[in-house]
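Protein chains: 2
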Amino acid sequence: MHFSILAIGDELMLGQKVDTNTAWISGQLLERSLLPVEHRTVGDDRAQLAAAIAALAATSDVLVITGGLGPTEDDLTRFALGDALTPGRELVADEAAGRTIERWFRRRGRALQERNAVQAQRPTTMRMLENPNGTAPGLAGTHGRCAIYALPGPPAEMKAMMRDHVLPDLPVTDGMRVVTGIVNAYGIGESDAAERLGPILARDRQPRVGITASAGVISARVLSRAAAGEAETQRADTNQRIERAWSPYVFGRDETTLAAAVGGQLREAGQTLVTAESCTGGWLGKMIVDEPGASDWYLGGWVSYANDMKSRWLGVGAELLEVAGAVSEPVAAAMAVGALEHGPADHALSITGVAGPTRPDEPEPEKPPGLVFIGLASRGDDDGPEVLVRRFRYRGDRAAVRLRSARTALQLLRFRLADVREDTPLLWQYPRPGSGGDP
Amino acid sequence: MHFSILAIGDELMLGQKVDTNTAWISGQLLERSLLPVEHRTVGDDRAQLAAAIAALAATSDVLVITGGLGPTEDDLTRFALGDALTPGRELVADEAAGRTIERWFRRRGRALQERNAVQAQRPTTMRMLENPNGTAPGLAGTHGRCAIYALPGPPAEMKAMMRDHVLPDLPVTDGMRVVTGIVNAYGIGESDAAERLGPILARDRQPRVGITASAGVISARVLSRAAAGEAETQRADTNQRIERAWSPYVFGRDETTLAAAVGGQLREAGQTLVTAESCTGGWLGKMIVDEPGASDWYLGGWVSYANDMKSRWLGVGAELLEVAGAVSEPVAAAMAVGALEHGPADHALSITGVAGPTRPDEPEPEKPPGLVFIGLASRGDDDGPEVLVRRFRYRGDRAAVRLRSARTALQLLRFRLADVREDTPLLWQYPRPGSGGDP
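Chains S and G, in that order, give the protein sequences.
Anchor point for the first sequence: position 259 equals 259 in our numbering, and the numbering is continuous, going up by one each time.
Anchor point for the second sequence: position 407 equals 407 in our numbering, and the numbering is continuous, going up by one each time.
Some hints could be false.
Any copy, or any two copies together, can satisfy a pair, since identical chains are not distinguished.
Straight-line alpha carbon distances no greater than 20 Å define the calculated SDA-like cross-link-like pairs of lysine to any residue that follow [said to hold, decoys possible]: (1) K159 to V18; (2) K159 to E422; (3) K367 to P292; (4) K367 to P199; (5) K17 to D169; (6) K159 to M128; (7) K159 to L30; (8) K159 to W104.
Rather than coming from a laboratory, the hints here were simulated on the basis of the structure.
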């Protein structure tokens, strides 16, 4: 079985937009044990498009095309399909599709726009695929031995149509099954992670394991291809070996995020969290609220971006801010303690740092971009809160520094809730362990 | 000139990671008036990789390859290059590259790891490209008439090496120049935006204009190809025509974000902003702090996620929350007014809504997922703050609802600061204009 995916659009070809559809479709095929073998992208050029369709149809069993089905003049997929599949023949207007598009506009209290009429046209040998989320129907047909599906580019429309029209049509493979799994860790580097896995990474091993890194999250991708039943067992065994090798940095499998992992711990403990953010500006809170059901354990927080707000809202002493500076260990501690009390909550995370870039006229050369203090305060016994502050120096641009800061904060809380030693080495901690004293 | 880009990695092929490198490289080529014509992606399979390299080298003048140069066993690019360019010959160890890798580890106080030694190997006919940000050097060489560059996959490493080694090498085109521009708007739909541009979108027009939409931001991409000087003039003229057609929804050109546009207005007016967020959970604050220099105009804000926090931190009346509900016009107003006072600031934005998904046991069927109230309070004269609340109903998942909410809030403030009528129709407003009365 030879599967190909063709993405269409000048905006992809010119680098003005990143194609996320292809990755999603590949993942869907993979879940069905169908390994895609080729991805291509072409721009909004009718001749190039027709040539790419003809070339891929000649070498593929299934070709999925995304994009170029809209109502505007740079939407050329239906015409290129006509050129490739039925050269020399005009497109025909599909009456049912025309009625559907008209209904779509009527339901929204609008008259059918003339330019949308073209969306009801199809090559004579193709059929229309209904689009529940937009005005662009899809197209399906065959060319030689290749089944062709053309879907609109907006991800929400494309995904629904893949699910409704394409995936149920796909062939079932032989006895072999491909199952995949991901194990996610945070706080170790990619080489270290590879070293820890050792022979698990061998190319000829079954299941096959590869490592990727994305903004500090290290993921082991497990791809197990074997007879049904066997494939799942082998995946489970390999997952466990990876989790042991990467302990205590592993926070979850597959799509699990750090926030979801921490949320699970807090929900189980019946505890709550508040956040006090400076340089991350709300990113930590956003990451938490990304998780449905976060209201079970997240009360909310402060974006105490200006120094004055750190004093006014969280009770950080004005003198402390003056003497130690906003980016300092005592201020991170005071922010966390202030947040814990003002919540009140069981745990409070604080982040204060220099996200960068520095301006030409900025003082404070001793606090370089990337320097971040992360605080964690937890409701203690009578002795007051249990407070931890750790110092990091992140590389990368403003977004990289802030994203890693928010993720590190969640890993610190995860460690505490899982009784992991609080001095467990973490990537980017500063000074580095063993490098001795203040740098 | 035929440029191709080949991205390598099982994680791309299997849909576990989205390829952002190809878009970035395409953008760089385009800036130099070089139009890429083909993108391909293949997995970590030595034979498939070698075949793709040979096929693309046969039809291209320049081939840029990303990924597969790391130290692990699924990094096969150098071997596949050997297979394609110098079949039957072993790779050789490059002494200079070996020393550079050793130095890289020494500077970090670590011993050279055995698995990294392979990174100093190259096909006999290729040369190494230094990597200032990692252990993987790149490779450069020619095959027939095609210049080949292989760069590591991590974006920071790839980008630096493109800038240092690849872009300076590329050919200069003839007198023709390609310049691009983007005009960004928020608050109108894609069909409406296209309707307003009319003949500007004609395929045979110069400059060529296309429209894309991403989470509510509508962008017109202008691609002007003409003699130097002429290309820029035509782009400026077309940009202006688009801006007139899309007024007052246009907030900026090229990479300008809504937050940057609002920041420019506030900085000019010498005014400040605070935020009070519920369902967005800090996303609005994050979006603001994404902009370097936001401290000039952004004081900070609250993530008043739990109802209790809306009362405790922002002074929203407990009875009001009980009677009207947290997702209501008066609560959005009270959050904005409370934030304005507690800042204190010149403007306060508030967001409260149902991000979804609903849980099976959730009450409040009259407040469906996607329903969001956005408030704006501005310091007024003696009569107290000037308060505006508008109601929206967004489609899409949790992330889509929240992202659009944050963006809409910024557009509302932008309208106020630019003296745009506050009842200007906005996409997703609810009830829709002209649909009459409460739905």
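Which earlier hints turn out false for this structure, listed by number in ascending order? Numbers 2, 4 and 5, in rising order.
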